[in-house]
Amino acid sequence: MNKTVFLLFCCLFVLFCTGCSIPETQPDAISSVSESGVYSADVSNSGDFAVISRVNADISVWSLTQNKTLFSWRHQEKGRNIVANIHISADESHVVTADNENFALWNKASGDPVGFWRIDESSIRDIAVSNQGRGILVGKANGNVMFFEPDTGRSLEFLGHEEKVNSVDISPNGKYALSGSNDYKAYLWSTESGQIIHVFNHANRVTKVVIDDQARFLFTSDSQSDSQIWDAQTGKAISQLHFIERQWVFTSAKFSDDGKYLLTGSPARRLALWNVNTGNVVKEWRVAPSSGPAPQSAVVYGIGFIGNDVVSISSSGNLEHWAYK
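Residue numbers (numbering that gives the first Met the number 0): 0 to 324.
I should point out that these hints are in silico values taken from the structure, not numbers from a laboratory. Since we're looking at a predicted model, the values are computed, not measured. Some hints here could point you the wrong way.
Stated by the list, open to error - The list that follows gives simulated cross-link-like pairs (lysine-lysine, PhoX-like), each with its CA atoms no further than 25 Å apart:
1. K163 to K174
2. K67 to K107
3. K174 to K77
4. K324 to K282
5. K163 to K107
6. K77 to K107
7. K259 to K282
8. K67 to K77
9. K163 to K259
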């Protein structure tokens with residue numbers, strides 16, 4: 000099952016199970032960034048810009064302050080550009096984008112491509128990039144994770160997983176990687192040696208992993224109800240997210256700068272803010288659905304913090320602002 004089909008399945012399942020229990024909410028501001036919809040998105044840490052893969056279009060570097068496109072990127076000159084994974088480095092200097100077979104590194108300041116690379120032995124499942132674009136992490140369907148340094152050409156294959164890798168993240172300094180797989184495990188490991196530092200066991204497939212940019216926390220979540228926040232240094236559990244549903248799948252997650260909150264996006268229009276120390280929901284919103292025939296839902300791909308607001312970008316093509324303080 001490829002990533003697009005999996006997310007569609009999750010969206011329909013969660014909509015059926017929980018759609019009636021989530022109250023409708025109205026954003027403080029809403030605008031359209033793609034009339035045809037969105038494949039993937041990421042929001043910069045400062046909240047100044049987002050990078051959006053638009054259906055039937057290009058990859059847009061979108062200014063959140065000017066509400067306009069700064070650069071337009073494409074993996075191919077002709078044909079469809081199905082870029083399903085995007086990651087902005089913590090220092091906002093570089094962006095990595097990936098389709099099923101290719102990944103590209105871009106310089107955010109100039110808008111120019113740094114390089115294009117192809118993966119032949121397996122499809123790409125997820126991708127991440129460290130500060131200054133020095134290290135790129137590629138999670139693959141064959142269970143391997145590749146760490147690659149564009150400047151030196153050095154690469155390392157992490158072979159710890161036994162099944163398909165679903166999610167990866169990298170520390171801003173590029174020294175540590177977090178990966179989650181269908182083998183029910185998430186690993187924190189060294190990109191210098193490939194040595195495993197912490198192992199996080201789950202009861203089901205691990206579908207989302209995130210490293211806090213300030214090296215305080217880790218987040219790992221499986222395809223059912225086990226979603227944990229961990230101490231990045233000790234590997235010990237800080238809290239488990241508390242919800243009554245049997246399943247809550249996350250498509251995006253980000254820690255706040257002050258370390259108090261975890262923001263998550265999900266299928267079926269769900270955007271939620273969690274208390275890091277307790278795992279309790281602080282606030283929850285429903286993003287605007289896509290237009291057109293039923294089911295009218297949306298997958299939340301890009302999320303971020305901007306002052307007293309949080310921002311979300313969903314598959315519907317909408318960019319929305321929500322007050323949380």
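Does the structure keep K174 and K77 at a Cα separation of 25 Å or less?
37 Å, violated
K67 and K107: Cα distance at most 25 Å?
15 Å, holds
Pair hint outcome, K259 versus K282 [Cα-Cα no greater than 25 Å]
13 Å, holds
Is the straight-line distance between the alpha-carbon of K163 and that of K259 25 Å or less?
Judged against 25 Å, a Cα distance of about 32 Å means the pair is violated.
Just to be careful, I want the Cα atoms of K163 and K107 compared with a cutoff of 25 Å; is the pair within it?
Given pair K163, K107 is violated - Cα atoms ~31 Å apart, limit 25 Å.
Does K174 sit within 25 Å of K163, going by the straight-line distance between their CA atoms?
23 Å, holds
Within 25 Å, alpha carbon to alpha carbon, are K67 and K77?
24 Å, holds
Restraint check for K324 with K282, where alpha carbons must lie at most 25 Å apart:
10 Å, holds
Decide if the proposed pair is consistent with the structure: K77 and K107, CA atoms, cutoff 25 Å inclusive.
23 Å, holds
The structure is inconsistent with the numbered hints 3, 5, 9, although it conforms to all the rest.
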